[in-house]
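J.: As a plain string of letters, each chain reads:
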Amino acid sequence: MKEQRFIRENMESKHRILLLSFVVGALFFVLVLRLWHLQILNVDDYRSMSENNRLRFVPEAASRGAIMDRSGTVLVSNRPSFSLAVVPQEVKDRDALLDQLVSLLGLDRAELAERWEKGKGRARYYPVVLASNITRDQVEIVEENRLHLPGIEIEMKPVREYAGGKLAAHLLGYIGEVSEDELDHKGYEEYNPGDYIGKNGIERSWEKDLHGSDGGRQLEVDARGRVLRTISEAYPTVGNSVVLTIDANLQKQAEQAFGDQAGAAVAMDVNTGEVLAFVSNPGFDPALFSGKLPADIWKEYLEDKRHPLENKALTGQYPPGSTFKIITALAGLENGKIDENTTVTCNGSYDLGSSTFNCWNRRGHGVTNLKKSLRESCDVYYYQLGEHLGVDAIAATAKKFLLGAPLGIGLLHEKGGLIPTADWKQKRFGKRWYHGETLPVAIGQGYVLMTPIQMASMIATVANEGNVFRPHLVKRIVDSDGKTLKEFQPELLGTTGISADKFKLVKQGLFAVVNEPGGTGGMARLHDVRVAGKTGSSQVVKLRNSKMATPWQFRDHALFVAFAPYEKPEIAIAVVVEHGEHGGSAAAPIVGRMLRAWFDGKKPKREAVRTKTGGDKEDNGDAAPADKEPAVKGDAQDD
Amino acid sequence: MIDRRLLTNIDWMLVGLVLSVSILGILNIYSATTPYRVIGAPYYIKQFNWMLCGMFIALVVCSVDYHILEDLSYWLYGLLFLLLLAVLIIGRRSMGATRWLHLGFFTVQPSELMKIVIIVTFARYFTNFQVVGGLSVKDVLFPLGILAVPVLLIMKQPDQGTAILVILIAVSMAAYVGLRWSTVATFALVTIPVAWLGWTELLRPYQKNRILDFLDPERSRLGSGYHIIQSKIAVGSGGIFGKGYVKGTQSQLRFLPEQHTDFAFSVFAEEWGFIGCLVLIVIYLSLVLWGLNIARRCNDRFGGLLAMGVTAMLFWHIIINMGMVLGIFPVVGVPLPFFSYGGTSMITSMVGIGILQNISMRRFMF
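Same order as they appear, the protein sequences are chains A and B.
Residue numbers for the first sequence follow our numbering, so the first one is 1 and each next one is one higher.
Residue numbers for the second sequence follow our numbering, so the first one is 640 and each next one is one higher.
Here chain A stands alone, though its shape is the one from the complex (with noise of 0.2 Å):
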């Protein structure tokens, strides 16, 4: 029974089979008929698509978004550029064409040549930059002989301009044409060679939003280039603007401060961890990179001693010198080894075995409290911590702070700086932790490192108190409308632990060191608004006892961090000057600066204006001494 059954459902599917192939067979026959019907009914059409008339792609580049300050001002927008391109595949006489060009327009052969070459492979009838960047009148030289150019034509490109010149140039960063590396790489496939790209800063980390979606046309062309019909368009979207979280005015005010001085300045809103500010000196024409770059002033850049390619605020790591001496003090006061009224009596140096660890001040500090420790700034105070403490319990609260890892400020490259660790050395060196090295970690020295971003968190910190917030230098991002497409909230990266009356008697310290007499950063005092910080001044190499005049890249680092105002925080400062020497004299008054700057802002419009004419005259006043030889410095010296 069930055999039977089985045989004739055995039947039923050969059956089918057979019912199957024939389906299959008319499926198939189906593609030969079309392959006929394309191949050998209009074979001519196509063949006269694909040989004499050509299916061209005309490029329309993306105008990219614009970059603006918090209020709106706008430090990045575009400006048409026009650059010649050609389509090799049209051109019969590649040499006679490329004489003609150099005849015409007065360029290069060579690198013409060059970039024919190199544009060659990708190309399906898509036009290869030769130019970028030609004058008006080249262009017009250009139209004017169109017929006896055939295959070349003229792009427009929107190019950057930059509204504040080299203002926050290392934050903004700049464009530059695709590269070959890049065009080889993942993630860059609708990008063709001649297009421009976010190199650095915020163009970079934000090419996604920036860069729009590029447009063209689908044209067929004739064979002399004469447009046939358009087969398709497609408008290009205009890149969506990122409005930073930079103060403008404080930006500007900031890298005025610094003069000539090398160094990196970081402002950030204690409550949001909102950049307000992102200095790094001297700064360099972004503009002039999305260009070629001529050689004489590219020379320039890469010899000049205070590097001003590099972004200071992101990726230069210093000693924070005695700035570290807040994270030491609130180790003390966390483990206990000292509260408000420990006191330690400062002869000017202190012995460790056969170590001699000399105070900044020779003459000593006498008795010494918490408070006086940070207001003098005291060496031996924090020595005689240290040693209490070891070097892990010092990590352990610089860890609380976040230190020793980049904060994920947003740009590529960013520094973690170094909290060393006994751990940490074994696995480096593979030696063991000397008590002696805890010494100057105390005082930020030794293989302490932080960079900017840090400093400014951790003062921001100190501030608020315990939070960690993440730095960011974005605050939304909007359409070409205007439109809000994302808006970035604080990120909370965590919390210190620390409680809030060790934090009230560090911040007692911190306003003694600017407000009161033997207080080492009075230069960042306002009249109107309470400031507190702390001086630092990190060693670049070990002179010590000298007294002749340092070589320039020999100087101290000079450090200030502050915060104001002091009863109801909103911003934190770290200024860094490298080689300035003090941090009393060097980095104290352009944090003046920056707080005048700040606080003068958000007074209405007219008192500003009175207020911030006086406040300059006042800050220049300041300010100049720094610049000068450190002669008068007194009791703003801060070893």
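Honestly, the hints are just simulated from the structure, not real lab data.
Small disclaimer: the values here were computed from a predicted structure and weren't measured.
All the pointers check out, no bait thrown in.
Quick list of simulated restraints, FRET-style, between CB atoms:
# : chain 1 : residue 1 : chain 2 : residue 2 : range
1 : A       : Ala396    : B       : Leu836    : 57 to 67 Å
2 : A       : Phe29     : B       : Leu836    : 29 to 39 Å
3 : B       : Leu842    : A       : Leu288    : 43 to 53 Å
Glycine is no exception: its CB is placed at the ideal position from the N, C-alpha and C atoms.
Given chain A, put chain B in place with the hints provided.
T.: Using the frame of chain A, we list chain B on its own:
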């Protein structure tokens, strides 16, 4: 491992057909990729390696009696279900479409393996499910469930090309078992509203664009309709005899998108013309008919169903890919078996061939 007697029964017809398509494919990839700048090994060398690799896998597959698949089928199905789920979860995390699963030293694309596994599972199910007079609506509900789970997971990836193929394979196998007219009618009635819903709710904009572009290439914005126009120009301009090997202007000037993978056939058509295409189509037709023949000759129901499923898989790949290149179907990412560049497609197809060989070789053993 392999019985001596089996070696004498090797299906040389099958081997010959597959080898000839593969070699034509490699020659064609050589031509299609000459305009490319390539880092590392050239594509045709890589494809050659994939072919060897695939043949080795096919050898492994046919060395073990295919009846073992009957026992393993539901386990395989379960495993694939988990893999598809894993892809989805991992894909979630990497934002956007992920089809690959990295298993330490090698990566798999579970949706691709699902094509084989659905064949095995359906074969197993219908082996023990005998009907006379065709499957009724009630009969297909359970297989429909078996099909729907992986298909939905694959669509979610999203990999609609593969999802459609899995469905077509399953439907072909059900048709082979036999469907009542009432079943066909019911499904037609259900599918139309579902398709409408899918169009409005499920399909992503780019997928809709592809379908609309296909219906009217002129409507498209830049890019999407371009494929179809350029492919038609390439094929049509080939004429009767073609433009000659490595002489196709469309392909050598890189008009064609993905000309070594999904559009490999249009390069071939341009360079070898109608005559060349006819040869290739005849080889493919022979392969499919030979597959059906293997199914017919097989003496057990499981083997027959298995052979039928594998043949359906190859068939639909061929028809959809060629149809797409010739502008009959919309652009879906379906490769031409043994001909398009790509390791995944080569391996899956070779596994299928291994199964066919396995069945063909053992036809006298039962």
